[in-house]
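Can you make the complete structure from the sequences, with help from the hints?
Chains as they are written, first to last, in my numbering: chain A, 1 to 479; chain B, 1 to 1007.
In case anyone wonders, no lab produced these hints; they're calculated from the structure.
Here the structure is a predicted model, which means the values were calculated and not measured.
All C-beta atoms, glycine included, are put in the ideal place defined by N, C-alpha and C.
Certain hints may be false.
Claimed, not checked - For the chain B half of the interface with chain A, some residues (derived, Cβ under 8 Å), not all of them:
(1) Asp-311
(2) Gly-753
(3) Asn-756
(4) His-803
(5) Ala-924
(6) Glu-980
(7) Asn-999
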Amino acid sequence: MINLPYSLPMRRDFLATVAGGFGSVALTDLLGRSRLFADAPQPGFNGGLHHPAKVRRVIQLFMNGGASQMDLFDYKPELFRRAGEKFDPGTNERVEAATSAPGNVLKPPFELHQRGQCGRWISDLLPHLAGHVDDMAFFMAMTSKTNVHGPGSYLMNTGFLLPGFPCFGAWVSYGLGSLTDNLPTFVVLPDARGLPYNQKGNFSAGFLPVTHQGTIINTTLPEPIADLRAPASATFITPEADRDGLALLQRLNRAHLAANDQDSRLEARIRSYELAARMQLSAPEAFDIGSESEATQKQYGLDQTPTADFGKRCLIARRLIERDVRFVQVWSGAGGPSNNWDNHNSIVKELAPMCLSTDQPIAALLADLKQRGLLEDTVVLWNTEFGRMPFSQGSEGRDHNGGSFVGWMAGAGVKGGTSYGESDPWAWRAVHDVTTNYDFHATVLHLLGIDHERLSVRHNGANRRLTDVHGHVVRELLS
Amino acid sequence: MDELLRQFRWSATAIGLLAVGFAQIVLADDATPVDFVRDVRPILQRSCQRCHGAEKQKGDYRLDVRQSALHNGESYAPNIIPGKADDSPLIKFVTGDGDVVMPPEGKPLTAAEVRTLRQWIDQGAKWPDDVAGELKDKSDWWSLRPLSLKDHFAGNLSIDHFIRAKLTAAGLRPAIEADRLTLIRRVSFDLIGLPPTPEEVSQFVGDVEPNAYERLVDRLLDSPRFGERWARHWLDAAHFAETHGHDQDRIREHAWPYRDYLIQSLNADKPYGQLIQEQVAGDVLYPDDPQATVALGFLAAGPWDESSLKDIREDTLDRQIARYLDRDDMIATVINNVSGLTVQCARCHDHKFDPISQADYYALQAVFSGVERANRSYDPDVDVGTRRRTLLKRKLQLQQKSAEFVATLLSPAHQQLVGDWEHKLGTQGAVWKPVEPESWTSSDGATLTRLPDGSVLSGGTRPDKDTVTIIAAVTLPKVTAVKLEVLNDDSLPHRGPGRQDNGNLHLSEFEVYIDGSDTRLELVNPRADFDQQDWGIARAIDKSEPTAWGIYPKVSQPHAAAFELREPLNVSGLTKLRFVLKQRHGGGHLIGRARLMISDATPPVRLDLLPEPIAAILATRLENRTEQQRVELTLFQMGEEVDRELSLLPKPSLVYTAAAEFEPQGGLVPPPGPRPIQILHRGDIKQPRDPALPGALECVTGLPSRFDVASEAPESARRAALARWLTDPKNPLTWRVIVNRVWHHHFGRGLVGTLNDFGHMGELPTHPELLDWLASEFRDGDQSLKKLHRQIVTSATYRQSVHAMAEAPIANLDPENRLLSHMNRTRLDAECLRDAVLQASGRLDLRMGGPSDRQFDLQSGIHVTPKVDYTKFNLDSDLGRRRSIYRFLFRTLPDPFMETLDCPSGDQITPVRTNSVTVQQALALWNDVFIARNCEHIAARVEGETNSSQASDAELLRKRVDRTVELILCRRPTDDERIELTAYAMKHGLANVCRLLLNSNEFLFVN
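Right under this line is the structure:
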């Protein structure tokens, strides 16, 4: 399937009119929507930048707080055998935890069973997802550089422990540009309860032009995209005033342009108002889930309180992808100590509701995408910033563990039913075929037709990449 | 910070691929001498040099230069041991015989190739001189060369002289001077960040006296608005914001004084050297100036990881990693901005491109190893500051007890004071006596242990809640007060005194009974040395279990609470007391170690108690006291007096800076002194190597790169040494970097395009001579930034039109206008735009300084990070009218409107802002409520100003349109514009005209 980025011809025309001044800079910025690279996405590469792409669109589901690997996917009999004993990995390594004194070995309070043809272990807390394991590919031994939420979330989203670096979605937007001018390229759907740790820092464009940052959609508001329309308080702005004003503005701006040489930025601004008008027209429809059938709404769990919010956002994610948004990030859990995956106090009481709220919606999303043929060129990612400890915090909680955690992907280019990597017998440390955020990102970028080592930007003296100076494509999980 | 990588070039692959064919035909037996050029080099080129060659040097190793190939390498050097192929790591790598396999991707070496390499090494690894290659001498670099003295430049030089010489050489002509309207709009935005008012425009345009422009420039430079504009540029570079960032984005209530310091200092035209010294070590170098301490806000301006640096356990690797990273940010802030070198690239290995070693980098880590980011106290009033320093010096004297000093203490004058004090003290001096616990029990299964000092330690499995009961004999004949001490212990999180993970405790109820009865003694006048906010000590005796006493964030230190008995208790020898410590809040908020005390003093009792030795002296009759005892007593009395005087001084103000001394905040405590710093191999906390001593960069020749600071000297000595190093006239970087920075903000582009990178990866100067001339004039003059500004903006180069003289060739000869054949058009930045809108509406409030305006609704969040809602801000409130530099900057949730205009969040050092044109920006300018509301304000202003009953409606509307255009675009409309805009205004009202003009390119750009 070869699908030319919509605006390619326009961009070429545009380039032809550039003369002097800050031309190239401004073009890149405006066309951040469809970035003009020296090596722009190649039509023959199926939208890829450096090689043919298998994936053109991404949905990333992010479990905020550090989802427990051994309770969900990484089955470890040793934890059941040694439950209640003092934790001793037998490696002479110091056992420490970020916020507590290490307790005794804590076995998963819910059972795990092998599911699907692949026999993937999965918790009974995820009965719906269990039906899709043959479509999923697991990074079973991921490791983080930190055991702290702030730096951990930055690392998993931007490749750096510190704030101010572009996130995954921003890099994809920068590298590949938009597939549509009707909607933003990179959309973020935060939990209705609030933003995750680091708030907007996780969706930041960092030092890339601001146009690449995630557009935050607040699904609880009647106007999900900010500034799409004039504020209700401004009664002087009527639809006619708006329309006539825009026409007159463009006339004035063209006259100004005629008197001011050829400056691509001035042209770009004129064009940006035209694009804005298109977005005003198209965006509301994309967020209108009322047009979805009752069956679909039920499938995503919109009719039940625990699943309603996450289900709605998964459904919106599908609608956005369908309308050619390039990258959608859906968050589960807000920042803070509760109502997320940061289950310090009780795995029983805190993990179960998180699974309940996401299990059915994610399964529905996978099924729906597949049924509509969207999985042909869309990949769904499931991530978290780190894992949890094999021993207890307090009596039945778990502290942070950057030593080992799990992520998975499903969809285009992914070899379903596979897994890569292995942790130690306690899921404490990743030991075999260890992967990092860099490897995960390198792999997904690879699917998008991007060589992660060649997607770089010079900033404050260094060529910066999403994968820093690391990253290997994990081909074992690719079809 | 990490490896610098250049983009891989296809050509390299192509060469490599061609080489394959040659490499494989080499089939030598062991005896045949291997020829490096013919046999070996092709293998290295094909298989190794993509990562170990001219472009990249992974592991600090390259195989295209003999010197490096035979000797360098981060982890395994030497990789080639001539004569010993078997021992050479290189062979192990290419055979996959070990942990490391090379090449990591792509085709492995063939057996024949490996054999060739083996033979070559075994035959002595001969590498001919003519192909040895050369490692570039990184320190031979333009920006590091000494800066000539001012006198070096002969003749009557000017900016225009240098610029025109280059233009002529390139066959270009300078543009004509811009018209006066353009000039005043340009130079006003440029110097003060505001457009001229219509009145200022007409005054300047009509000024026929000589030097009208120069007088305009002087007026702008003298305006207090100047500092507000230029401080903003420096705040970008410092990446200043008023919350921590990260997952616990706490508000920094005391960050703003640094912003005011900058504004005042720039307005006062402080010499640049002093400005830098103050921001790095003002507290030591200018101790008498309180503002020089405020200046240290520079070092603390960037983000701070509260979770890692305060909340997690002190004994974790994460804490140590976070400390190195936190200092990394301070180092980058100083060295990037002042010296223009990307020193942070040397954290994991020597800088790939610039002559900066890892040792240099860690020497800088050592400079900042004695500070944290915290609220530091200072006295804004100079006299109060002097008094406080005197008292603190006295206090130190009392602690040091030099013989000389002690000898003065027994003078009659001193003894008189001691006598008066003792008289006043009365019975308050009585001692608290620890009780002797006889039994101690936990209701919920904690393991309690009695320690020798009479305290009871709680250990074992931590229950969620607990009630601890302690029964003790009473050893005084009378009890008037009881005291509870909560103490530290190494077994407790953060050393306690609580057992919660953060070191806190919650005492729900504190009850005292006569043992064997249910008679609860009534406690009154509770006092504690510290109360957690909303968790005061009174809550421990309010007979309500849901309320409790807490001590967060002051963990890691002991605390005490005293209570008086409403009725003194007279006891017989057999009376015992039962103390019940209810800790029912849950979440493990338990007391870790408690000690109980009783007193028989007449209330009010002192909480802080006389130390036992002092009490003993006081109990001794005056004539029986030894000389030593009298000295001790005098020292004690003087200490009390100093403390009393200190307590009478106005409370010091706080400013968020780098600080060695500050009030502990939970797990964030003042460092014990400069922390030892070790060079971290590959930047890895688990691989510490040699200790690092404070210093700076060796590549700056003529200055010592390691500082002569005694190891026992306070940390501030290290910062002072760095400040001197930075501002030494022999340091060529400082002066080149600042004049270039100023140049950039005037022309939209520096003479060196990379403001903070004067190294090999940065750009070369377009006009090196001009840069050096400006820099040396600046350094050797009075380092006045205002003079530099004047010099630049009065140049003919600056005053040029944006329209180039020759149209066609320019685009080809100098497409980016690097030679400045005309002026660059710039886009208004976020602050200029917002301030210009407010000025047009007539509502701009020019009040300066003070706490920042929070232009959002603020509610407490789920955890530390508060909830911020910009949509709920009342734009018409007074908090919405000041200049943008006084806006509160929330790091993880910046103002979305300002963000679309590229206003930085403060996450990254931002010497140059991006300058984007986006759809989001168009939407924001067209629809944001800030613009919409101010359109109404501007329209109302204009309507108010043009209320003439004589004019016809049409005439009136035309006048109003004229005025609106004048307020927003600084000019009158053309006839055509007037017709169109008036027609539009007639139909849709004046506010819509404002909206249109505020969205126009003419408004948004400056010619």
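message: The hint names Gly-753 (chain B) as touching chain A; please verify it with the least Cβ-Cβ distance against 8 Å.
response: Violated, because the Cβ-Cβ distance from Gly-753 (chain B) to chain A comes to roughly 11 Å (cut-off 8 Å).
Hint status (Cβ of Asn-999 (chain B) to nearest Cβ of chain A, threshold 8 Å): 6 Å, holds
- request: Grab the minimum C-beta distance from His-803 (chain B) to chain A and call the hint holds if it beats 8 Å, violated otherwise.
  value: Status holds, d = 6 Å.
Cut-off 8 Å, beta-carbon criterion: hint that Ala-924 (chain B) touches chain A: For Ala-924 (chain B), the interface hint holds, since the closest Cβ of chain A sits about 5 Å away, which is under 8 Å.
task: Using 8 Å as the Cβ threshold, decide whether Asn-756 (chain B) counts as touching chain A.
output: 6 Å, holds
field: Hint check, Glu-980 (chain B) versus chain A [nearest Cβ-Cβ separation less than 8 Å]
entry: With a minimum Cβ separation of about 6 Å from chain A (threshold 8 Å), the hint on Glu-980 (chain B) holds.
- prompt: Is the interface hint for Asp-311 (chain B) satisfied, with its Cβ closer than 8 Å to some Cβ of chain A?
  reply: Because about 7 Å separates Asp-311 (chain B) from the closest Cβ in chain A, which is inside the 8 Å limit, the hint holds.
Violated hints amount to a single one, hint 2; each of the other numbered hints is respected by the structure.
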